Structures are given as C-alpha cells and as structure tokens.
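If you read the sequence shown in my numbering, its first letter stands for residue 1, the second for the next number, and so on.
Hint data in this document are derived by calculation from the structure and do not stem from the laboratory. From a predicted model like this one, the values you see are computed outputs, not experimental measurements. It is possible that some hints are incorrect.
Within a straight-line C-alpha distance of at most 30 Å, the following computed DSSO-like cross-link-like pairs (lysine-lysine) qualify [as the list claims (entries may be wrong)]:
id : residue 1 : residue 2
1  : 185       : 248
2  : 102       : 91
3  : 208       : 83
4  : 116       : 83
5  : 185       : 257
6  : 36        : 233
7  : 36        : 13
8  : 233       : 17
9  : 83        : 13
10 : 91        : 13
11 : 233       : 257
12 : 208       : 233
13 : 116       : 248
14 : 17        : 36
15 : 116       : 185
16 : 233       : 13
17 : 91        : 257
18 : 185       : 233
19 : 248       : 208
20 : 116       : 91
21 : 208       : 185
22 : 83        : 17
23 : 257       : 36
24 : 91        : 248
25 : 91        : 185
The calculated label-pair distances, taken between Cβ atoms and stated as ranges, are [unchecked claim]:
id : residue 1 : residue 2 : range
26 : 69        : 127       : 20 to 26 Å
27 : 203       : 88        : 20 to 26 Å
28 : 232       : 146       : 32 to 38 Å
29 : 115       : 168       : 26 to 32 Å
30 : 106       : 59        : 40 to 46 Å
All residues carry an ideal CB built from backbone N, CA and C; glycine is no exception.
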Amino acid sequence: MIIIGEKINGTRKAVGKAIQDRDAGFIRHLAEEQVKAGSTYIDINAGTPPGREPDDMVWLLDSVQAACDLPVCLDSANPAALKACLEIVDKRPLINSVSGEKSRMEGVLPLALEHKTNLIILALDDIAGIPETSSGRMEIVRRLVSLALDGGLTQDQLFIDPLVTAIATGTGNAIITFETIREIKAAFPMVHITSGLSNISFGMPLRKIINRTFLSMCVAAGMDSAIANPGDKDLMGAVLAAEMLMGKDRYCMNFNKAYRAGMIGA
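Please take these sequences and the hints and turn them into a complete structure.
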C-alpha cells in the first residue's frame with residue numbers, strides 16, 4: 001500500500017502556527033515520524049492564502065527535504081506554488097491534484113506534464129461536480145487519463161481518486177466508491193487508486209471504526225494507496241491485514257514485519 005502521510009497540513013492548528021513562526025524543527029519532526037510509521041510520500045499542504053502560499057510551500061518543502069529522503073506530495077491547486085516547488089524538489093513528486101475543472105486543467109495539468117510528475121486525478125469536473133454514479137465518474141476519469149497519457153505520463157504515474165462522500169448523506173455512497181474503484185482497475189490496470197478516507201464517516205459516531213472498515217473494503221475492491229495518518233496503528237493494521245487476506249502479502253511477510261517493528265497492534 002502506498003501511504004501518503006497527511007500530517008503536514010496548514011489547516012491543522014499546530015502546523016499552521018509552525019508555518020507562521022517558521023518552526024522548521026516542528027515540521028521536520030512530523031516528517032520523521034511519518035517516515036518511521038511507514039509513509040511512502042510526505043504530503044505538504046500550506047493551506048495559506050494564495051499570495052503567501054508559494055513562499056510557504058517552498059519553506060515546507062525545504063524543511064521536509066532536510067528531514068528525510070522520501071518523495072513529497074505537493075498538495076496545492078495554486079500553479080504559482082506548484083511551479084516554485086517544482087524548481088527545487090529533489091525527487092519526482094506527486095501532485096495533488098488535477099480534475100476536470102477548468103482552473104485545474106489549465107493551471108495544474110500543464111505543470112505535471114512539463115515536469116513529468118506523478119499526478120492525482122479527481123473524478124469531478126465543473127459540469128457534473130462529483131457524479132452520483134460510477135459511470136459518471138468514469139467518464140471524467142477516462143477523459144483526464146487520456147490527456148495525461150497523451151501528454152507523456154504513464155499509467156503507473158497516475159493516482160486516481162474515485163472520491164468519497166459521506167455515508168450519512170446516502171446509504172449507497174460507499175458502494176459507488178467500490179464500483180468506481182473496480183471500473184478504474186478494469187479500464188486502466190496499471191494506475192494507482194488513492195483517496196482520503198475520513199469523508200466516509202463525516203457526521204457519524206465511531207468514525208475511526210468506519211474509516212478502517214471502509215479502507216479494508218476499498219483494498220478488496222482494488223485500492224492500493226491512501227492519504228492517511230501512518231501513525232494510526234489500527235488503520236495501518238487494517239491496511240496490512242486487508243492486503244494479506246487479498247493475497248498481496250506473500251507469506252504474510254509485510255504484516256509480520258510491521259508487527260515485530262511495533263508499527264501495528266497495541
């Protein structure tokens with residue numbers, strides 16, 4: 001499972017303060033924690049106003065790159081912020097994200113194609129918003145994947161987000177996500193499928209239980225990536241158990257290794 005560590009996000013109060021105070025030690029600590037917990041990418045999201053965001057994103061990137069050698073996920077829809085980071089990034093990053101919305105098609109996609117980055121694609125656009133059916137989401141996905149492939153990216157560089165909407169607002173919302181995941185894998189076998197998980201449980205009690213169960217079911221449908229907190233041992237345990245039960249963990253080696261290292265379990 002490709003884990004995109006989500007903790008360096010300026011919308012979190014402590015991270016926002018660290019950005020404002022230029023507390024690089026705090027940011028480096030968050031990055032190091034997520035490396036130890038098993039992240040594949042470190043997501044950086046300044047969450048600051050557009051005029052400030054380029055400087056803040058560059059500062060975050062410098063801080064993270066000083067702390068670890070994992071690739072980063074540049075989490076911004078601001079072309080100026082992305083461009084500034086792409087000029088100094090050490091390893092091929094993952095850009096989060098492009099969608100069928102005109103602003104992202106014109107501002108984000110050309111940067112991803114120019115720099116040959118990995119890219120998260122969202123199944124939404126200006127017209128349909130988030131379609132209420134898997135077929136509607138697939139129509140957008142097919143169009144965006146085609147543009148990315150025609151622009152020189154490979155399927156393996158693409159991370160498709162089928163989008164997750166709250167189960168509290170529609171009892172079929174999780175099923176739509178599962179169906180979309182299966183259809184994406186059938187159409188584009190080599191792409192990755194990722195998503196944030198917490199939307200599914202919005203408005204519900206016992207959110208962590210719902211999130212872990214939902215993630216396990218997404219893995220069974222074909223998801224191989226998640227934007228998540230790698231320090232949540234129960235969530236990571238659910239990921240590894242699901243992959244093991246799906247035959248993706250030969251001789252249960254990954255599960256047992258994580259258990260012995262104290263990365264999952266009590």
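So, against the hints stated earlier in the document, which numbers end up violated here? 3, 26, 27, 29 and 30
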